[in-house]
Amino acid sequence: MNLISRTTFLFFILFLVGFSLGIQDVNTEKQPKTIKLTLTDKPDQMVISWYTISSVGSPLVQYSLSKNGLKASHSLSKVRGGTSQVFTVNGTSQQYDSSSDWIGTVHSVTLQGLQPMTTYFYQCGGSESQVYSQILQFKTSNFNTSPNTVTPFVAAVYGDMGYGGGFNNTVAALISNLAKYSVVFHVGDISYADYDKVEQGNQTVWNDFLQVLEPITSRVPYMTTPGNHDVFYDFTAYQQTFNMPGSSSKPWYSFTYNGVHFISFSTESDLAPFTQQYQWIKNDLEAYRKQNPDGWVIAYAHRPYYCSTQYDWCRKQTLRALIESTIGELFQNYNVDLFMAGHTHAYERTVPVYQQLPIGNYEYPGGTIHFTIGTPGNQEGLDTNWVIPAPSWSAHRNAVLGYAELNVVNGTHILWKMISSIEQTVMDEQWMVKGYFD
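Mind the numbering: the sequence shown is residues -22 to -1, 1 to 416 in mature numbering (1 follows the signal peptide of the UniProt record, and there is no 0), read in order.
Some hints could be false.
Using 30 Å as the maximum straight-line C-alpha spacing, the simulated DSSO-like pairs for lysine-lysine come out as follows [what the hints assert, rightly or not]:
1) Lys117 x Lys412
2) Lys228 x Lys268
3) Lys175 x Lys260
4) Lys20 x Lys175
5) Lys412 x Lys158
6) Lys228 x Lys45
7) Lys20 x Lys117
8) Lys228 x Lys11
9) Lys260 x Lys158
10) Lys268 x Lys175
11) Lys117 x Lys175
12) Lys294 x Lys117
13) Lys395 x Lys175
14) Lys20 x Lys158
15) Lys294 x Lys158
16) Lys45 x Lys11
17) Lys228 x Lys117
18) Lys228 x Lys260
19) Lys294 x Lys20
20) Lys45 x Lys158
21) Lys412 x Lys260
22) Lys294 x Lys268
Here are the simulated distance ranges between beta carbons [what the hints assert, rightly or not]:
23) Ala150 x Lys268: 40 to 46 Å
24) Gln402 x Gln333: 36 to 42 Å
25) Val404 x Thr96: 29 to 35 Å
26) Gln63 x Asp248: 37 to 43 Å
27) Gly35 x His374: 31 to 37 Å
28) Ala368 x Asn68: 50 to 56 Å
29) Val411 x Pro193: 32 to 38 Å
30) Thr296 x Asn388: 37 to 43 Å
31) Thr70 x His374: 42 to 48 Å
32) Asn5 x Leu393: 27 to 33 Å
Keep in mind that the hints were calculated from the coordinates and are not lab data.
Every residue, glycine too, gets a C-beta built ideally from N, C-alpha and C.
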């Protein structure tokens, strides 16, 4: 081969390598990341959302009862053939505001008309990019029953998870036990992305953390509520990332799952009487109780209003007292059975309590039972200092790395457990019977 031929051949090889790397870069920017499932207020729906660096055209999800059906087709139309029928649903995309230093696009697709208690396989991607996620799966709830009928399920619950503090042990425990969970509740403080950029938040921390959680969030509905470390960028990053039920402009919502009514509200927003959020909570509880006087109602938000660590939030009568005097009264009036929160990095379970006094017991509760579960791990560590002696309403407290399991057994009984992340042993366990407050 002469010199000219060798030079031409070398340039050709370099061109191919560069072209290949360019394709890989483009594909990486269009690859679906941080894939999440979210329930809506309609039980036959499932929202699938994800993030890409670059635009992908029209975002879409293909889903089927058959994993093989998805492998066989990336068509934009229905592919019929028994259980291999493949459906494609288009969605919407929203770029982060140009006034921020966040880049990329969040995509969202809502699947409708799903069948109860059914496993679906899905992929997400874009009409132009033709870059798809791996094939994933989820299972729908049992909504083919009367509103008062409870179908047993188990949920994982925790708040205040971020890099550090052994959080990787909690993530590993959740993944290894994922088959038993129908839904996961993350009650605020998601990644602590505001640590070095308080106003705007650190997008790298946010995205990298959510990517670590993707084996969970892409397979089980991941229901969230905002914490004080999630309000950066004026709630925008949180609300664009987590497509919760109801209006995307407000960080509060409710839904009914397997016969249990869940209501989530924002302790980072105004809760004073006659505010928009307070009135919404009141209206939601009133409407549900009119139709379902005997059903379970479980509320969750970030900040607890019964806790007994030395943390300032628990000791000082500030916003905590306001929540107790406003939301606490609504909980009592409308028979809210359980309240799940985080914020303080410890675990605590109360007896049924109202106005700082125990009322009834776990077999005959006369007030809401409160759970604080801020122990999955983060860079701030655990809160190990407690108010001594423990208040009369505090039944169990510890500062062990872990998370909780909410086991709804039927319409009258719930089993609650606190699980250590490393040993995966039960640190606390309590049965509760459905109560009726006077």
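Hint check:
no., hint, verdict
1, Lys117 x Lys412, "holds, 27 Å"
2, Lys228 x Lys268, "holds, 24 Å"
3, Lys175 x Lys260, "violated, 36 Å"
4, Lys20 x Lys175, "violated, 37 Å"
5, Lys412 x Lys158, "holds, 23 Å"
6, Lys228 x Lys45, "violated, 36 Å"
7, Lys20 x Lys117, "holds, 15 Å"
8, Lys228 x Lys11, "holds, 25 Å"
9, Lys260 x Lys158, "violated, 33 Å"
10, Lys268 x Lys175, "violated, 46 Å"
11, Lys117 x Lys175, "violated, 38 Å"
12, Lys294 x Lys117, "violated, 44 Å"
13, Lys395 x Lys175, "violated, 36 Å"
14, Lys20 x Lys158, "holds, 23 Å"
15, Lys294 x Lys158, "violated, 39 Å"
16, Lys45 x Lys11, "holds, 20 Å"
17, Lys228 x Lys117, "holds, 27 Å"
18, Lys228 x Lys260, "holds, 16 Å"
19, Lys294 x Lys20, "violated, 40 Å"
20, Lys45 x Lys158, "holds, 21 Å"
21, Lys412 x Lys260, "holds, 21 Å"
22, Lys294 x Lys268, "violated, 36 Å"
23, Ala150 x Lys268: 40 to 46 Å, "holds, 44 Å"
24, Gln402 x Gln333: 36 to 42 Å, "holds, 37 Å"
25, Val404 x Thr96: 29 to 35 Å, "holds, 32 Å"
26, Gln63 x Asp248: 37 to 43 Å, "violated, 48 Å"
27, Gly35 x His374: 31 to 37 Å, "violated, 53 Å"
28, Ala368 x Asn68: 50 to 56 Å, "holds, 55 Å"
29, Val411 x Pro193: 32 to 38 Å, "holds, 35 Å"
30, Thr296 x Asn388: 37 to 43 Å, "holds, 39 Å"
31, Thr70 x His374: 42 to 48 Å, "holds, 45 Å"
32, Asn5 x Leu393: 27 to 33 Å, "violated, 46 Å"
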